[in-house]
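There are 2 protein chains.
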Amino acid sequence: MNNTTLKEIANQLGISITTVSKALKGYPDVSEKTRKAVVELANQLNYTPNSFAVNLRTKESKTIGLIIPTIVHHFFSNVIEGILEEAEKRDYMVIILQSNEKFELEKKQINLLLNKRVDGILISLSNETGEFNHLNTVLSHNTPLVLFDKIAKIVDCSKVMINDRKAAYDAVCYLIKKGYKKIAHFRGSYLPQNSIDRFLGYKKALEDNNIPYDPSLVFVCENNNDFQDGYENAKKIIHENLNIDAIFAVTDLVAIGVIKYLNEVNISIPGQIAILGFSNWFMSSVISPSLSTIDQPGFEIGRKSAEILFDEINLKKNHLPIIFQSIELETKLIERETT
Amino acid sequence: MNNTTLKEIANQLGISITTVSKALKGYPDVSEKTRKAVVELANQLNYTPNSFAVNLRTKESKTIGLIIPTIVHHFFSNVIEGILEEAEKRDYMVIILQSNEKFELEKKQINLLLNKRVDGILISLSNETGEFNHLNTVLSHNTPLVLFDKIAKIVDCSKVMINDRKAAYDAVCYLIKKGYKKIAHFRGSYLPQNSIDRFLGYKKALEDNNIPYDPSLVFVCENNNDFQDGYENAKKIIHENLNIDAIFAVTDLVAIGVIKYLNEVNISIPGQIAILGFSNWFMSSVISPSLSTIDQPGFEIGRKSAEILFDEINLKKNHLPIIFQSIELETKLIERETT
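Line by line, the protein sequences give chains A and B.
Following our numbering, the numbering of the first sequence begins with 7 at its first residue and continues without gaps.
Following our numbering, the numbering of the second sequence begins with 7 at its first residue and continues without gaps.
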C-alpha cells in the first residue's frame with residue numbers, strides 16, 4: 007500500500023497515518039472498531055485482495071495453542087498427533103501446555119497463549135474446571151476456540167467429542183446381554199462432563215433393563231482415573247464381599263489397575279468378574295487377559311478439532327461469519343478376553 | 007533510552023537513528039556486527055543495565071522449540087513432561103513438532119523454528135538422520151541447541167543421554183549370569199546412535215564372557231522399533247528353530263511384541279525363552295508376564311535437557327561464554343517375571 011492511499015484513508019477517517027498503517031498491520035494498540043473501519047475503507051479504495059492479504063498477514067502468528075490435562079497419556083498422545091498432522095499441512099506451529107488437571111494453571115495458560123497472540127486455541131478441560139470465564143475471555147478476544155473431549159456444554163464455541171453417554175449405555179447393555187447382573191461402575195471424578203455422561207449412560211442402561219441402580223456399586227476414581235484408582239477400588243470390592251460379576255471402568259487405565267489386582271488375588275477374569283474399559287489404549291490389546299473396551303478415536307478427535315480451528319481462523323481472517331459446530335465422533339465396542 | 011542518546015550513538019557509529027533503535031530492539035535486519043557495536047557503545051554511555059535489559063528483552067521470544075521423532079510413545083511423553091515442567095517454571099512456551107522419524111521433515115522443522123526466532127531448540131534425532139548441516143545451521147545462528155536421547159556425537163553442542171552401551175552391556179551380563187547362553191538381540195535400525203550403542207554393548211558383553219558373537223542371532227527392527235517388529239522377529243526365531251534361550255530387545259515395545267507372539271504359541275517365558283526390554287514403559291509392569299527391563303529416565307532426561315537449554319539462553323543473553331555439557335543419566339535394571 008502506497009503512502010498516498012494511507013494518507014487518503016487517514017484523512018477520510020480523521021486519524022493519523024501511523025494509526026492507519028498500524029491498523030492494516032494488525033497492531034494490538036489499535037481498537038477493533040478503528041481497524042475494521044480502516045480495512046473497509048481500504049477495500050473500497052480497491053486494493054487488490056492479494057496485496058491486502060499480505061498486509062493483514064502480519065497479524066497472524068501462524069501458531070496455535072493446545073492445552074491438555076496430561077501428556078503421559080495414550081489417548082492424549084493420539085490427539086496431539088492428529089493436531090500436529092493438521093498443523094503440519096498448513097505450516098502452523100503448535101504450542102503445547104499441560105494443565106496437570108489444575109484449574110488455576112489452565113487459566114494462567116490461557117492468558118499466556120492470549121498474550122502470545124496465538125491464532126487459535128484448542129483445549130481439553132482439567133478435571134477441576136467448573137467455571138468458564140477464562141474461555142469466555144478467549145472468545146471475547148475474538149480468538150477461535152475449540153473444545154474437545156473434556157468440554158463444557160455451556161461455553162458457546164465449537165466442540166469435538168464422542169457421545170459418552172451413548173457409548174457407556176451401549177457398553178453396559180452389552181454386559182447385561184452377556185448375562186452379567188451385578189455390574190459395578192468405577193466412575194471418574196465429579197466435574198468432567200465425560201465422567202458424568204459415562205455414569206449417566208451406565209445408570210440408564212441398568213434402568214432400561216430393569217436392573218435396579220445401586221449407588222453402593224459406584225466407586226469414584228478420585229486420583230484422575232489412573233491405574234492406582236482401579237487397583238484400590240478393586241481391592242475394596244473384594245474386601246467388602248460385594249459379589250459383583252462385572253465392572254465397567256471409566257478408562258482403560260482404571261480397568262488395567264483392576265486386572266492387576268484381580269490377577270494378584272487369583273480371581274478369574276471374566277469367569278468370576280468381567281471387566282470393560284473405555285478408550286482402547288494400545289496396552290489394552292497386549293495385557294493378559296486382553297481388555298474389552300470402547301474405542302475412542304483420539305487421533306481423529308485431534309485431527310477434526312484442528313481442522314475446525316483452522317477453518318475458523320480462515321473465516322475470521324476473511325471477515326466471514328463463523329458458525330460453531332458440535333461434532334460427535336463414532337466409538338465402537340472392542341470385544342476381547344475380559345468379557 | 008532517549009532520543010538524544012540514540013542520536014549520539016548514531017553519530018559516533020555513522021549509522022542512522024533507526025538502525026540504532028532496531029539494533030537495541032534486536033531486530034533481525036541489523037547485522038550482528040552492528041548490533042554488538044551499538045550495544046557496546048550504549049554501555050559506554052552508561053545506560054543502567056536494567057533499562058538496557060528491557061530493550062534487549064524484546065529480542066527474546068520466551069519460546070523454545072522441541073522436535074521429537076514420535077508423540078505416541080511412553081518414553082517421549084515423559085521427556086515432554088519433564089521439559090514442560092521446566093518451561094512452566096520460567097513462563098516459557100514450548101512449540102512441539104513431530105519429525106515422524108523423517109530426516110526431510112526434521113530439516114524443515116528446524117527452519118520453521120529458526121524463522122519463528124525461538125530462543126533455543128531441543129531435539130532428539132530421527133532414525134533417518136545421518137547428516138547434520140541443519141543442526142550446524144542452528145549453532146551458526148547462535149541459537150542454543152541441546153540434543154537428547156538420539157544424539158549425534160559429531161555435533162558440537164550440549165547433550166543429555168544415557169550410556170546406552172554400558173546399560174546394554176550390564177543387561178546382557180545379567181542374562182549371562184542368570185545362566186542364559188544363546189542370547190539373541192533384536193536391535194534397532196542402523197543410524198541412531200543409541201541403537202548402535204545398545205548393539206555394541208550386547209556384543210561386548212558376549213565377548214567378555216567368552217560367548218562367541220553370532221551375527222545370525224541379531225535381528226534388525228526396521229519398523230522403528232515397534233511392537234510389530236518384535237512380533238515378527240519372534241515368529242522368525244521360532245520358525246527357524248534357532249534354539250535361543252533369551253532375547254535382549256532394543257525397546258520395551260519390541261519386547262512386548264515378542265511376549266505377545268510367544269504367548270500365542272505357548273512358549274513359556276522365561277522357562278523356554280527369557281526376555282529383557284529397554285526403557286521401562288509403564289505397560290511393562292502390567293503385562294503378563296511382567297517385563298524385566300532397563301529403566302531409562304525419560305522425565306529426568308527432559309528436565310535436564312531443558313535446564314541446560316535455559317541456562318545457555320541466559321548465558322547468551324548476558325553475553326557470557328557457553329561451555330557445552332554432555333550429561334549421562336543413570337539407568338537401572340528392573341528385574342521382573344520375564345527373566
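None of these hints come from the bench; they were simulated from the model.
Any given hint might turn out to be false.
[Unchecked claim] Interface residues of chain B toward chain A, partial, derived using beta-carbon atoms under 8 Å:
1) I102
2) L118
3) L120
4) V226
5) E228
6) V292
[Claimed, not checked] Pulled from the structure, derived: some chain A residues nowhere near chain B, Cβ distances all over 10 Å:
7) Q50
8) G136
9) I182
10) K266
11) E313
[What the hints assert, rightly or not] The calculated SDA-like cross-link candidates involving lysine to any residue, where the alpha carbons are at most 20 Å apart (straight line), are:
12) A/K68 <-> B/L120
13) A/K209 <-> A/H147
14) A/K113 <-> A/H147
15) B/K266 <-> A/H147
Where a beta carbon is used, it is the ideal one built from N, C-alpha and C, also for glycine.
Now for the hints, and whether the structure bears them out:
Hint status for B/I102: holds, given a least beta-carbon distance of 5 Å to chain A, under 8 Å. Annotation: B/L118 was flagged as interfacial toward chain A, and the flag holds, the nearest CB pair being 7 Å apart, inside 8 Å. Residue-level restraint check for B/L120 is violated (minimum Cβ-Cβ distance to chain A is 12 Å; threshold 8 Å). Interface restraint check: B/V226 against chain A, minimum CB-CB distance 22 Å, threshold 8 Å, status violated.
Violation of the interface hint for B/E228 is found here, the shortest Cβ-Cβ separation to chain A being roughly 20 Å, above the 8 Å cut-off. Given hint, B/V292 at the interface with chain A, holds; its Cβ is 5 Å from that chain's nearest Cβ, closer than 8 Å. With a minimum CB-CB distance of about 32 Å to chain B, A/Q50 clears the 10 Å threshold, and the non-interface call stands. Distance check for A/G136 against chain B: the nearest CB is about 23 Å away, which clears 10 Å, and the non-interface claim stands.
Annotated as non-interface, A/I182 keeps its C-beta farther than 10 Å from every C-beta of chain B; the closest such distance is 28 Å. For A/K266, the shortest C-beta to C-beta distance to chain B comes to about 6 Å, within the 10 Å cut-off, and the non-interface label is violated. Distance check for A/E313 against chain B: the nearest CB is about 17 Å away, which clears 10 Å, and the non-interface claim stands. As the CA atoms of A/K68 and B/L120 are separated by approximately 14 Å, the hinted pair is consistent with the 20 Å bound.
With a C-alpha separation of about 40 Å, the suggested pair A/K209 and A/H147 falls outside the 20 Å cut-off, and the hint is violated. For the given pair, A/K113 sits about 15 Å from A/H147 by alpha-carbon distance, which is consistent with the 20 Å threshold. Restraint check for B/K266 and A/H147: the C-alpha separation of about 52 Å exceeds 20 Å, so the hint is violated.
In summary, the structure is inconsistent with hints 3, 4, 5, 10, 13 and 15 from the numbered list given earlier, while agreeing with the others.
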